Amino acid sequence: MSNELTLEKPGGAATGSGDALLSIKGVQKHFPVLDGFLFKRQVGAVHAVDGVSLDVFQGESVGLVGESGCGKSTLGRLVTRLLEPTAGEIRYNGQDITHANRKELAPIRSEIQMIFQDPYSSLNPRHTVGSIIGAPMEINGINPKGGIQRRVQELLETVGLNPEHYNRFPHEFSGGQRQRIGVARALSLNPKLIVADEPVSALDVSIQAQVVNLLQELQRELGIAFLFIAHDLSVVRHFSQRVAVMYLGKIVEIADRKSLYEAPRHPYTHALLSAVPEADPDDNRERIRLIGDVPSPLNPPSGCRFRTRCWKAQEKCSVEEPPLIQLSGSLDGHLTACHFPEGDIKRSPEEGSTAAVPEQRAEV
Amino acid sequence: MTTQAKPEEASSAGSGGDQPFLSVRDLSVRFSTEDGVVRAVDNLSFDVAPGSTLGIVGESGSGKSVTNLAVLGLHNPDRTEITGSIKLDGQELVGASNRELEKLRGKTMSMIFQDPLTALSPYHTIGKQIGETFRKHTGASKKESRDRAIEMLTRVGIPQPTTRVDDYPHQFSGGMRQRAMIAMALVCDPKLVIADEPTTALDVTVQAQILDLLKDLQQEMGTAIILITHDLGVVARTAQQIMVMYAGRAVERGTVREVLKAPQHPYTWGLLSSMPSLTGDVSVPLRPVRGTPPSLINLPTGCPFNPRCDHREQVIGGGCTTERPPLAPATGHAAACHLSAAQRQDIFIDQIKPRLG
Ligand SMILES: Nc1ncnc2c1ncn2[C@@H]1O[C@H](COP(=O)(O)OP(=O)(O)O)[C@@H](O)[C@H]1O
Ligand SMILES: Nc1ncnc2c1ncn2[C@@H]1O[C@H](COP(=O)(O)OP(=O)(O)O)[C@@H](O)[C@H]1O
Ligand code: SF4
Ligand code: SF4
Ligand SMILES: [Mg+2]
Ligand SMILES: [Mg+2]
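The listed protein sequences correspond, in order, to chains S and G. 97 is the number that the UniProt record's numbering gives to position 97 of the first sequence; each next residue is one higher, with no gaps. 256 is the number that the UniProt record's numbering gives to position 256 of the second sequence; each next residue is one higher, with no gaps.
If you are wondering where the hints come from, they were derived from the structure by calculation, not from laboratory data. This structure is a prediction, so every number in the text was calculated from the model and none was measured. It cannot be assumed that every hint is accurate.
[Stated by the list, open to error] Pairs of lysine-lysine residues, derived as DSSO-like cross-links and limited to a Cα-Cα distance of at most 30 Å, are as follows:
#, chain 1, residue 1, chain 2, residue 2
1, G, K143, G, K128
2, S, K40, S, K145
3, G, K143, G, K87
4, S, K312, G, K215
5, G, K353, S, K258
6, S, K258, G, K128
[Stated by the list, open to error] Derived contacts from chain S toward chain G, CB cut-off under 10 Å, selection only:
#, residue
7, Q117
8, R285
9, I291
Every residue gets a Cβ at the ideal spot worked out from N, C-alpha and C, and that includes glycine.
Could you put the whole structure together from the sequences, leaning on the hints where they help?
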């Protein structure tokens with residue numbers, strides 16, 4: 001657009017993912033930590049997102065999981081450009097939006113929408129549902145056929161609410177219904193990508209299932225791509241074709257859901273999956289007990305960030321950061337960042353031997 | 001010291017065996033509000049055997065917390081009407097004086113909340129708070145109390161307990177605060193611990209640690225536990241008995257295996273079919289319970305689940321909208337539904353089970 005300098009970054013050409021709807025490369029977000037009484041000075045930084053690369057293709061749902069504080073919401077806000085990255089590159093439909101200003105973002109703002117976890121705080125209590133859902137159209141000067149009210153009513157119907165209720169206020173709706181209002185608002189501008197940040201985490205299971213089904217219909221019928229953020233691994237598996245696992249600001253593993261859930265290679269993914277309690281008294285899966293908590297993102301561990309809780313950690317893990325790569329024995333597109341990955345034993349003998357000699361793979 | 005460890009998968013709640021440690025009969029809790037009377041708990045009966053864990057599950061607003069605050073005697077008597085009977089080790093708690101309840105709380109029964117910050121004061125050290133509870137009930141000296149606090153912190157797995165004992169709650173991580181609260185709840189070796197969503201705010205790896213810890217401590221100390229949660233997975237991993245609550249009532253009760261492997265109530269079916277699993281077929285859509293939970297001020301007549309139930313047409317002679325189904329049979333695996341046991345069995349096998357994968 002207007003600012004040639006931001007758009008023509010030399011690195012941009014090398015993206016190599018021409019048809020990705022969203023392509024992010026090495027994105028970082030560091031929040032400065034200030035201290036001092038009168039004169040604030042920066043004493044450190046929260047490494048909330050620390051070098052994340054990820055593509056989302058048209059109509060696809062990519063799930064993002066990880067424990068609280070690992071940077072999921074920050075990444076979602078970077079993608080929707082509610083935050084500006086400290087470093088790295090974000091491309092939408094080939095266009096570099098890393099540092100795009102409001103004016104430059106305007107044309108794509110309508111195409112990337114966000115749904116939040118808390119349907120209560122994201123809806124203005126003093127506005128009617130009609131004006132909440134219609135607001136994005138008004139702000140963007142869009143006048144749909146038949147007028148905004150008609151479109152609002154259509155949207156209410158799409159998300160399974162009574163179209164007659166456009167004059168009601170948010171408090172007159174239940175939690176699940178409020179989340180539907182948030183969905184209707186996100187849909188109002190016909191988005192191509194929705195970043196959904198824990199959209200069902202606050203809902204009871206039966207209501208959660210209603211909203212998941214609704215989002216799934218939208219994804220299928222309207223071909224909307226999703227970056228679906230959640231900490232519930234079962235919900236993410238159900239909703240997303242590909243899943244990325246984050247730990248302390250980094251993606252440690254990403255794969256097709258089948259490959260990730262059935263053959264996780266990263267010890268953290270394995271531990272996370274084994275910790276999920278299933279509603280089945282016959283669930284005899286092997287359980288990995290992780291010790292301790294996630295370290296502070298103010299001062300992440302050197303090398304592999306998971307090493308302070310990893311039962312496989314060795315000297316190398318503290319000195320060399322494992323790159324996110326496709327390990328031998330992994331399916332195409334299954335990337336893992338680990339020096340001593342899981343699952344090597346089960347594979348064929350020659351591949352299995354790589355477990356003993358992991359050095360041969362790990363070069364950046 | 002009681003150390004009756006109840007074998008897993010023993011008979012259902014209330015069916016013979018051990019004398020229950022806690023026995024609740026026809027408990028009703030009503031609040032008067034501006035909008036009307038909230039029937040938060042309505043004619044609820046259940047038992048908890050010594051050393052065993054009862055999981056209470058249900059969606060938010062189903063009366064789980066209100067039930068347990070009634071057991072602990074923590075409702076404001078001016079605005080709350082409590083009827084029925086709550087017997088703790090034979091002692092009637094409904095109508096008991098505040099002083100009697102005060103003596104029992106923290107000593108014979110104690111609680112673990114979802115948010116440790118509501119239970120822990122920010123102004124006192126962890127050690128002081130744990131020690132005070134101990135002093136209050138045992139008359140121990142300051143020194144003894146501090147030693148006891150350190151011992152408890154050690155037991156719940158806090159590293160460097162001798163120094164961390166002097167930390168304030170904000171200096172602990174979320175998982176450690178939860179451990180500290182467990183230490184405080186167990187400091188007097190209570191016989192009953194009520195844990196209200198103890199892991200809901202925690203990440204799964206920390207949740208697994210806390211659930212393991214509770215189980216280990218229970219085995220060591222023979223404590224009976226009521227574990228309140230909305231997560232059937234958490235119950236499956238921790239409890240022997242389950243009670244499913246809906247609109248302030250028990251709609252199903254049984255052993256973990258009975259309720260999760262052969263559920264008998266349409267609401268339990270709905271809960272299970274709403275939940276995605278780690279291994280289910282992703283191409284099968286979830287089957288949510290339609291609609292939303294009812295208002296507890298204006299409950300539907302008959303079965304409170306009837307506006308959301310897919311099976312009421314099958315009840316011979318109707319009754320779902322007119323007659324309240326009792327939780328039957330009185331002992332063992334029981335459900336509150338007008339469908340006959342044979343009908344429920346058939347529906348579960350033919351329609352529900354195939355969906356659960
Ligand atoms: N505006 C902010 N200022 C400072 N730190 C922040 C800010 N937003 C998030 N963080 C920190 O960044 C880290 C990642 O947070 P977040 O993205 O919210 O994680 P998640 O969504 O995975 O729980 C956390 O340590 C959090 O405290
Ligand atoms: N002090 C109170 N006054 C009025 N209503 C209350 C009070 N406490 C709880 N309730 C209502 O009682 C019902 C059951 O609440 P609760 O036991 O907290 O549910 P949950 O199963 O989520 O723990 C809810 O509808 C709640 O709004
Ligand atoms: S790189 Fe080392 S510390 Fe990190 S996950 Fe792999 S084995 Fe564990
Ligand atoms: S009593 Fe009727 S409405 Fe209630 S659960 Fe049974 S079939 Fe459904
Ligand atoms: Mg978040
Ligand atoms: Mg509650």
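Task: Numbers of the earlier hints that this structure fails to satisfy, in rising order - done: 2, 3, 6, 7
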